[in-house]
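Asks: Sequence:
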Amino acid sequence: MEVNKQFTYAVLIATAGYVLTRDPHCNRGCKTIAQHLLTHGIDGIIAGLFA
49 MEVNKQFTYA VLIATAGYVL TRDPHCNRGC KTIAQHLLTH GIDGIIAGLF
99 A
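Heads up, the sequence shown is in our numbering, so the first residue is 49 and it goes up one at a time.
Keep in mind that the hints are not guaranteed to be accurate.
[Claimed, not checked] Label pairs and their computed distance ranges (CB to CB): (1) I94 - V67: 20 to 26 Å; (2) I94 - T63: 25 to 31 Å; (3) C74 - E50: 39 to 45 Å; (4) G65 - G96: 36 to 42 Å; (5) I94 - R70: 23 to 29 Å; (6) L86 - L60: 19 to 25 Å; (7) A95 - V51: 43 to 49 Å; (8) C74 - I94: 16 to 22 Å; (9) G77 - N52: 39 to 45 Å; (10) E50 - I94: 36 to 42 Å; (11) I93 - H73: 41 to 47 Å; (12) T80 - L60: 15 to 21 Å; (13) A95 - A64: 34 to 40 Å; (14) L97 - A58: 29 to 35 Å.
Hint data in this document are derived by calculation from the structure and do not stem from the laboratory.
Note that the Cβ used here is the ideal one computed from N, Cα and C, for glycine as well.
Assemble the whole structure, with the sequences as input and the hints as a guide.
Replies: See below:
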């Protein structure tokens, strides 16, 4: 049972890493989805909290 849980975590981490390194098709010049989330996503979250 423990091996299945570790394998599942490994697959989830690999998938998340793959998704975060993909091209976000951003018009603002971001090269990865992670960069887009860090630069523009945080602004949106903060604006939403204080709106």
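Asks: Next, verify each hint and record whether it holds.
Replies: Here is what the structure says about each hint:
1. I94 - V67: 20 to 26 Å: Given about 23 Å between the Cβ atoms, the range holds.
2. I94 - T63: 25 to 31 Å: holds (28 Å)
3. C74 - E50: 39 to 45 Å: Given range 39 to 45 Å: holds, Cβ gap about 40 Å.
4. G65 - G96: 36 to 42 Å: Taking Cβ atoms as reference, G65 and G96 lie about 27 Å apart, which means the hint is violated.
5. I94 - R70: 23 to 29 Å: Holds, since I94 and R70 (Cβ atoms, about 25 Å apart) stay within the stated range.
6. L86 - L60: 19 to 25 Å: holds (21 Å)
7. A95 - V51: 43 to 49 Å: Holds: the Cβ-Cβ distance is about 44 Å, inside 43 to 49 Å.
8. C74 - I94: 16 to 22 Å: The hint (16 to 22 Å, Cβ to Cβ) holds, given that C74 and I94 are roughly 19 Å apart.
9. G77 - N52: 39 to 45 Å: holds (42 Å)
10. E50 - I94: 36 to 42 Å: holds (40 Å)
11. I93 - H73: 41 to 47 Å: violated (21 Å)
12. T80 - L60: 15 to 21 Å: Check passed, 19 Å falls within 15 to 21 Å.
13. A95 - A64: 34 to 40 Å: Cβ of A95 to Cβ of A64: about 25 Å, so the range 34 to 40 Å is violated.
14. L97 - A58: 29 to 35 Å: holds (34 Å)
Hints 4, 11, 13, counting from the list given before, are not met by this structure.
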